[in-house]
Amino acid sequence: MKRHSTTLVHSIGGFDKNLRDLSESHKYNPTVRNKTANPVDLDGEDHMKQTQYAIEAEDLTRKFGNLVAVDHINFKVQEGELWGLLGPNGAGKTTTVKMLCGLLTPTDGTAKVEGRDIQKEVREIRKLIGVCPQEPTVYERLTGKENVKLIGQMHKVPKAELKKKADELLERIGLTERADDQVITYSGGMKRRLDLIMALVHDPPILFLDEPTLGLDPAVRRAVWDFILELKERKKTIVMTTHYMEEADELCDRVAIIDYGKIIEEGSPEKLKEKVGRGDRIEMEFSGDAEAAIKQLKRLKFIKTVAAAENRLVIVAEAGVLRLGEIIKTTSRAGTVGRTSLSENTLEDVFLHLTGRRLR
Amino acid sequence: MVTAVNLAVKNLKTMFRDKIYLFFLLGLPIMMMLLVGLAFTEGTTTYSVGYVNNDNGPFSQMFITLLNNASILKMINFSDVDSLDESFRQGNIAAGLIIDEGYSPTTANETVTFFVDESSVSASIAIKSTVTAISSTLAGDSKPKEYWKPPDEPISVEFNPLNFMAVGTLTYSVSIIVFSTTSSIAKERDKGLFSRLRTTPMTTLDFLAGSLMSQIVISLMQTALIFAVSYLVGFRPLGATGMDMTVNMLAAFVVAMILAVACVGVGLVIAAFAKNEDQAVGISWFVIIPMMFLSGTWWEPQGATMKTVSWAFPTTYANKAIRAILARGAPLLSVSNFLVGLAIYAIIAFMVGVAFFRKKTI
Chain A
1 MKRHSTTLVH
11 SIGGFDKNLR
21 DLSESHKYNP
31 TVRNKTANPV
41 DLDGEDHMKQ
51 TQYAIEAEDL
61 TRKFGNLVAV
71 DHINFKVQEG
81 ELWGLLGPNG
91 AGKTTTVKML
101 CGLLTPTDGT
111 AKVEGRDIQK
121 EVREIRKLIG
131 VCPQEPTVYE
141 RLTGKENVKL
151 IGQMHKVPKA
161 ELKKKADELL
171 ERIGLTERAD
181 DQVITYSGGM
191 KRRLDLIMAL
201 VHDPPILFLD
211 EPTLGLDPAV
221 RRAVWDFILE
231 LKERKKTIVM
241 TTHYMEEADE
251 LCDRVAIIDY
261 GKIIEEGSPE
271 KLKEKVGRGD
281 RIEMEFSGDA
291 EAAIKQLKRL
301 KFIKTVAAAE
311 NRLVIVAEAG
321 VLRLGEIIKT
331 TSRAGTVGRT
341 SLSENTLEDV
351 FLHLTGRRLR
Chain B
1001 MVTAVNLAVK
1011 NLKTMFRDKI
1021 YLFFLLGLPI
1031 MMMLLVGLAF
1041 TEGTTTYSVG
1051 YVNNDNGPFS
1061 QMFITLLNNA
1071 SILKMINFSD
1081 VDSLDESFRQ
1091 GNIAAGLIID
1101 EGYSPTTANE
1111 TVTFFVDESS
1121 VSASIAIKST
1131 VTAISSTLAG
1141 DSKPKEYWKP
1151 PDEPISVEFN
1161 PLNFMAVGTL
1171 TYSVSIIVFS
1181 TTSSIAKERD
1191 KGLFSRLRTT
1201 PMTTLDFLAG
1211 SLMSQIVISL
1221 MQTALIFAVS
1231 YLVGFRPLGA
1241 TGMDMTVNML
1251 AAFVVAMILA
1261 VACVGVGLVI
1271 AAFAKNEDQA
1281 VGISWFVIIP
1291 MMFLSGTWWE
1301 PQGATMKTVS
1311 WAFPTTYANK
1321 AIRAILARGA
1331 PLLSVSNFLV
1341 GLAIYAIIAF
1351 MVGVAFFRKK
1361 TI
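Protein sequences appear in the order of chains A and B.
Letter by letter, the first sequence follows residues 1 to 360 of the numbering used here.
Letter by letter, the second sequence follows residues 1001 to 1362 of the numbering used here.
Derived by calculation from the structure, the hints in this document are not laboratory data.
Among the hints, a few may not be true.
[As the list claims (entries may be wrong)] Ranges of calculated distance between the beta carbons of each label pair, as one might list FRET restraints:
id : chain 1 : residue 1 : chain 2 : residue 2 : range
1  : B       : 1355      : A       : 66        : 44 to 50 Å
2  : B       : 1020      : A       : 342       : 52 to 58 Å
3  : A       : 185       : B       : 1276      : 24 to 30 Å
4  : B       : 1355      : A       : 268       : 34 to 40 Å
5  : B       : 1020      : A       : 66        : 36 to 42 Å
6  : A       : 289       : B       : 1279      : 18 to 24 Å
7  : B       : 1020      : A       : 187       : 55 to 61 Å
8  : A       : 268       : B       : 1347      : 54 to 60 Å
9  : B       : 1285      : A       : 341       : 54 to 60 Å
10 : B       : 1028      : A       : 65        : 54 to 60 Å
11 : B       : 1352      : A       : 159       : 44 to 50 Å
12 : B       : 1352      : A       : 268       : 29 to 35 Å
13 : B       : 1312      : A       : 218       : 36 to 42 Å
Think of the CB as a built atom: it goes at the ideal place given N, C-alpha and C, for glycine as much as any other residue.
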């Protein structure tokens, strides 16, 4: 399932270099890590219990007036893991990240980042994290290089080291030629890439990437994915929020699905998809008695799951390609079947299965 | 401290690269000073003052001669009070003097009637100040006639409207810092830049100190530019005894800097309460304009109530201090009451601003 689009990445320019070279050249690290990054066994719960956690949340809750944005969520993120928070807009993803970064105080519960309490040791935590906010957050009247340097200065990266790092990172994302131009002249994709390296200039062990590819065109999105995967290779602990199921599927070691402030399922993308049922995914437009259609389809032995949403039926079936005719015939007894498509099972199906709604 | 300096440098870069900001902070004051220069250049404005001299003794003739020698007054003789009154009511003369028989400098209070057209604030200030000054000079220690208000500080020089307006332009320019502070902070907050910086080890105090430093640099640049442009259009600060012009100008820089701190404090309070940048800009001008109109920036506040109200604005203290120093040649120590008042205002405003900003923003 994991794939790299090398051809596309090449087209971005400079985005295809191996980040490990960069990592080796970065000698400055403001943190003394007392834990060793462990190989990530994503599916083994027993193994997880023995590992060190970069982030642990316990009953983490945040209310805004009567609105419960984040509702007593519990999760653990291993060191070196790429952990995704997948959910629709307004599910509580950004609020969760803001609490972990110390930008919002929890109403209830708590969390620890590298063993430090997010309420009591927020200053220490800020030395350990790099944050890429949801919207491009850059000073438009500063140049790209000045923006990168500013964040480095806030982290007190020594001057000579900072210059070197800024140059290297800008080269890495293909912005060297535009490094001295004011950001106001950059495209949205360029700003997003700049945003990412601003989170990296002090070489933090933990990264928070809040919807890192929101609004990007497919080519730039693919390039950003590649960049994130390379960060993962450097054993960075990454917490990434997204509402793109394919992004979570492609990048994340483990995914927590959040809806209305609650984590409703957690596991590796493969495990989550298994829960819905292995097989082919058939999506069909349907008008008629959906309940009757579901009832009849469930009688077929090869049907794994059936869900109805927005005048559509989503069916997961073993060898669905071969049995498509039978499925359509059975469904037609309860109504009219329209356009039908066949694909692999996705996290979208998991979300649909869990909530009865689509992610987007 | 290093972090705050880095933030101040960042602020200055972003402000200087934004043409709209640059216009408001530096272009507008320069333009205003040039306009003030055009409007108040020495020699171009004279006020006609009619008089009836029923005394015709040597003292009264000397009084009239001295008034006529003042560059801003043109004395016109009237044979009787009725024609003087008629000319005044027609607007041909801006003021009238009736000197009774038996005039001497010490009896001016009983023998001189003086009336001024109050509809022109600048004319009335200029004429009153000049006549008062000359009358006082002639009378020695005697107080001038009660028809006109004595100046805040005893003066021995004639009123110069350009000096008055130049100082007003300077304090107005510095007061724009309320806008630039409010706007820049609200913009950083709106765009998530402040939040992003807060994910780093930067503290809120670093952020606010950076903002203060950059605004003080701006205020010093504004002051230097205003002095340069005002000098070009004819403003000549007056040196106090034993002090040269440079010392007096440096003293004015100190006052401008303290005013800048007070304005940053006011700006922080507004930024704390404003919900977005647009609201912040609107509120800041809602504060700057009354500050400009009621604190003696362009004219002295009239009436006891407005004089009391004027002390609510930091520009009042600055106007009085800088005018005393530059327009009347007073040494810095002689205006220490205004300086202390301004400094206390600045400290309180900044502390309140910081407290509100922390409470409302974090």
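Here is how each hint holds up against the structure:
no. : hint                          : in the structure
1   : B:1355 with A:66: 44 to 50 Å  : violated (29 Å)
2   : B:1020 with A:342: 52 to 58 Å : holds (56 Å)
3   : A:185 with B:1276: 24 to 30 Å : holds (25 Å)
4   : B:1355 with A:268: 34 to 40 Å : violated (49 Å)
5   : B:1020 with A:66: 36 to 42 Å  : holds (41 Å)
6   : A:289 with B:1279: 18 to 24 Å : violated (54 Å)
7   : B:1020 with A:187: 55 to 61 Å : violated (23 Å)
8   : A:268 with B:1347: 54 to 60 Å : holds (59 Å)
9   : B:1285 with A:341: 54 to 60 Å : holds (58 Å)
10  : B:1028 with A:65: 54 to 60 Å  : violated (42 Å)
11  : B:1352 with A:159: 44 to 50 Å : violated (36 Å)
12  : B:1352 with A:268: 29 to 35 Å : violated (54 Å)
13  : B:1312 with A:218: 36 to 42 Å : violated (59 Å)
In this structure, the earlier hints numbered 1, 4, 6, 7, 10, 11, 12, 13 are contradicted, and the remaining ones agree with it.
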